[in-house]
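Trainee: Chain order of the listed sequences is A and B. Position 337 (the first sequence) corresponds to 337 in UniProt numbering; numbering is contiguous. Position 50 (the second sequence) corresponds to 50 in UniProt numbering; numbering is contiguous.
Mixed in with the good hints, there may be bad ones.
[Said to hold, decoys possible] Some but not every residue of chain B turned toward chain A, in silico, with C-beta under 8 Å:
hint, residue
1, Pro32
2, Thr39
3, Cys40
4, Gly41
5, Thr46
6, Arg112
7, Phe191
8, Met319
Bear in mind the hints are in silico, worked out from the structure with no lab data behind them. Note that the Cβ used here is the ideal one computed from N, Cα and C, for glycine as well.
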Amino acid sequence: MTTTERPDLAWLNDVTMTELERNPYRAYERLRAEAPLAYVPVLGSYVASTAEVCREVATSPDFEAVITPAGGRTFGHPAIIGVNGDIHADLRSMVEPALQPVEVDRWIDDLVRPIARRYLERFENDGQAELVAQYCEPVSVRSLGDLLGLQDVESDKLREWFAKLSRSFTNAAVDENGEFANPEGFAEGDQAKAEIRAIVDPLIDRWIEHPDDSAISHWLHDGMPPGQTRDREYIYPTIYVYLLGAMQEPGHGMASTLVGLFSRPEQLEEVVDDPALIPRAISEGLRWTSPIWSATARISTKPVTIAGVDLPEGTPVMLSYGSANHDTGQYEAPSTYDLHRPPLPHLAFGAGNHACAGIYFANHVMRIALEELFEAIPNLERDTREGVEFWGWGFRGPTSLHVTWEV
Amino acid sequence: MAFAVSVGGRRVECAADQTLLDACLRAGVWMPNSCNQGTCGTCKLTVLSGEVDHGASPLDTLTEEERGAGLALACQARPVADVTVGGAPEGRTTHPLRDLTATVLEVSDIARDTRRVLLGLAEPLAFEAGQYVELVVPGSGARRQYSLANTADEDKVLELHVRRVPGGVATDGWLFAGLAAGDTVDATGPFGDFHLPPEAEDDGGPMALIGGGTGLAPLEGIARTALRRHPDRQVLLYHGVRGAADLYDLDRLGELGEEHPNFEFVPVLSDEPDPAYRGGFPTDAFVEDVGSARGWSGWLCGPPPMVEAGVKAFKRRRMAPRHIHREKFTPADAM
Ligand SMILES: Cc1cc2nc3c(=O)[nH]c(=O)nc-3n(C[C@H](O)[C@H](O)[C@H](O)COP(=O)(O)OP(=O)(O)OC[C@H]3O[C@@H](n4cnc5c(N)ncnc54)[C@H](O)[C@@H]3O)c2cc1C
Ligand code: HEM
Ligand code: FES
Chain A
1 MTTTERPDLA WLNDVTMTEL ERNPYRAYER LRAEAPLAYV PVLGSYVAST
51 AEVCREVATS PDFEAVITPA GGRTFGHPAI IGVNGDIHAD LRSMVEPALQ
101 PVEVDRWIDD LVRPIARRYL ERFENDGQAE LVAQYCEPVS VRSLGDLLGL
151 QDVESDKLRE WFAKLSRSFT NAAVDENGEF ANPEGFAEGD QAKAEIRAIV
201 DPLIDRWIEH PDDSAISHWL HDGMPPGQTR DREYIYPTIY VYLLGAMQEP
251 GHGMASTLVG LFSRPEQLEE VVDDPALIPR AISEGLRWTS PIWSATARIS
301 TKPVTIAGVD LPEGTPVMLS YGSANHDTGQ YEAPSTYDLH RPPLPHLAFG
351 AGNHACAGIY FANHVMRIAL EELFEAIPNL ERDTREGVEF WGWGFRGPTS
401 LHVTWEV
Chain B
1 MAFAVSVGGR RVECAADQTL LDACLRAGVW MPNSCNQGTC GTCKLTVLSG
51 EVDHGASPLD TLTEEERGAG LALACQARPV ADVTVGGAPE GRTTHPLRDL
101 TATVLEVSDI ARDTRRVLLG LAEPLAFEAG QYVELVVPGS GARRQYSLAN
151 TADEDKVLEL HVRRVPGGVA TDGWLFAGLA AGDTVDATGP FGDFHLPPEA
201 EDDGGPMALI GGGTGLAPLE GIARTALRRH PDRQVLLYHG VRGAADLYDL
251 DRLGELGEEH PNFEFVPVLS DEPDPAYRGG FPTDAFVEDV GSARGWSGWL
301 CGPPPMVEAG VKAFKRRRMA PRHIHREKFT PADAM
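Next comes chain A alone, as it looks inside the complex:
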């Protein structure tokens, strides 16, 4: 950081976690312009903010995965997002069978459509609803919960868990000594995990003896010698990965897509009239407000130079996919939702060998949920008496979405 042409990055010292959680775009826009790879003091880490640098780091042979410090404190080891080599290969081989396209195609419609209908039936004749809490999140958690084998855990409980884990996972602020600035911020995550163990341990006990077709039962048994199962301590961190991101993000994705469409009423109309446009609308929604905005990281395995910055071996870099998806080098007017923008690929699902394992499943959950919503309520309007607020730096989406319709 000694080169003289480098812009003065002193402003980064004043960036706070609260500011990033409220609106990360301002700070990251400046980062993209001035220093696409920069050390951000409040995060205690290097940050990649452009599409090019995120992609380079995520796919480079000179980097491997590492979990962020707050993430590691929340999930423990070995979480799939933070391990490499044989352990990563084993965990991917454990989660992937249920998420393969051919497999997902077999049951996704029968799984998600009835769930979506059930939640819609509860409010479709009310003429008003708050879609995040009444629809997007419930459809998201119920679909995955049933897939995992958590049929008996209430949707509201699953929502509570992901919210607590999410805040704990992104409790990233560090002080000048690199210590967690708000250690008490992990308490609610710890409490959620204790509750998860109390509920999931007995299920695991049962699945060990009586395997069934639920995903977690398969995680325990698949690929193991007869009579043996994967150790529960070995799979819990990845269960937490699911109970946070995989539960939360399809809900975020649906809600952001809806808010984006509400900002372009003529595009909403087009999508409602032609459900075949829903996948494209979702793709743009994920670009516009990426649900996993900045939650995963990589670490250099040897000295490297990235975006003109020399990094010693063992330097962690956070991947800000939400920022990369607003890169003006790729997208014109990136902060505008536009169904018809040139349809370039985005980074909302990450890149490289740690890219999201649930893309196909997640895309279909969101698609079916929006199909059912528009089918049941084609005259949906945003309730303009209520504002829409987005929150989050690690994970981002609207906190609520009030809508009305004529009944």
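Following the hints, complete the assembly by docking chain B with the ligands onto the known chain A.
Mentor: For chain B with the ligands alone, kept in the frame of chain A given last:
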């Protein structure tokens, strides 16, 4: 070296070392995609003709079986010949398009600036009620579309309802000028997707049909077909016109109402009030009459602004958009 990739009626140029996905996205043709590295399967498509090189497509994402069935990952596959690709296989059959030579059997004035034209065919034409044919305007070579008022079994005499457009090549210049019984007319048909689902898929659910002017034509064929399939189904047919002088087929539709107690014909006059009829726009009349159109199907035909208003009215009453069918009488110079 480049090949042509045809997708959904568009042709895109794709270099031999370029992926199908890249070529399409660059040409502004959207297709589902997410990871762009062959691992998620979102971009899976069917190669209908031609051949691709699957490149680095992983076996996990695209199995041997799927390759054998003609599937490919757009983000990995490169063309080795011109290819045609499609999404999920559709498999709906359509009636073959035919060139027809018809004889005018009858031309009659049925309302203000409105004529019924009956065209006799030598060979019966296979079509679905609600489809249209294209007529060649003699001399000019211009082609104009006219909807069939027939049911599918009325396949030897085609019935058209034509409204005069002042200065119009086909109407003012021909159909309302020299056309007479005995004339020969060149036509092509049938066209269009404005028709009922196959009988086996038709559950007899309630229907709302709104026609503006001669937009009534295909609705007559559709309503009669629907009632023949399910004689007691609820069918509301609105006919929107400017004044009572524009109304026609009142007797025919009145009779249909006598045979089918749940069929209702509602003429609506927008510009020239008459105490015998409803006033206003037919789309507003529908909104007044029907509290909820959940589970209904909707059929809109006529001038584009009326069709647009109808879509809004139907959605306001929560009809599912995929059950809203529309046929716009778009003028030839606006197509
Ligand atoms: C799928 C389809 C089905 C159709 N079915 C029927 C049908 O069943 N019965 C029927 O009468 N028509 C129908 N039409 C419309 C028809 O095809 C012709 O467009 C219409 O008859 C006018 O043709 P023209 O050659 O006389 O006028 P043109 O020479 O094409 O037009 C002359 C001028 O009038 C304008 N114009 C054309 N139509 C209108 C209008 N309706 N209102 C105001 N200005 C207009 C044009 O823009 C142009 O400036 C249908 C159209 C389509 C696309
Ligand atoms: C719209 C919803 C979702 C979005 C936007 C999303 C996005 C992401 C992103 C950005 C990553 C990190 C990638 C990287 O570091 O490069 C990730 C990882 C992951 N996601 Fe998703 N995800 C979603 C839903 C899901 C679902 C529903 C599941 C499972 C059913 C899932 C399973 C995983 C797994 C297992 C990982 C870790 C992969 C690894 O490290 O090897 N995701 N996801
Ligand atoms: S986009 Fe993921 S496999 Fe092609």
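Trainee: State for each hint whether it applies.
Mentor: Here is how each hint holds up against the structure:
With 8 Å as the threshold, the beta carbon of Pro32 of chain B comes within range of chain A, its nearest partner Cβ sitting at about 5 Å, so the hint holds. Because the closest C-beta pair between Thr39 of chain B and chain A is about 6 Å apart, less than 8 Å, the hint holds. Interface hint status for Cys40 of chain B: upheld, as the beta-carbon distance to the closest one in chain A is roughly 4 Å, under 8 Å. Taking 8 Å as the C-beta contact cut-off toward chain A, the hint placing Gly41 of chain B at the interface holds, the least distance being around 3 Å.
Checking Thr46 of chain B against chain A by beta carbon gives a least distance of about 14 Å; that is not within 8 Å, so the hint is violated. For Arg112 of chain B, the interface hint is violated, since its Cβ never comes within 8 Å of a Cβ in chain A; the closest pair sits about 33 Å apart. Hint status for Phe191 of chain B: violated, given a least beta-carbon distance of 20 Å to chain A, over 8 Å. Hint on Met319 of chain B holds. Least Cβ distance to chain A is approximately 7 Å, under the 8 Å limit.
The structure does not agree with the numbered hints 5, 6, 7 stated previously, though it agrees with the rest.
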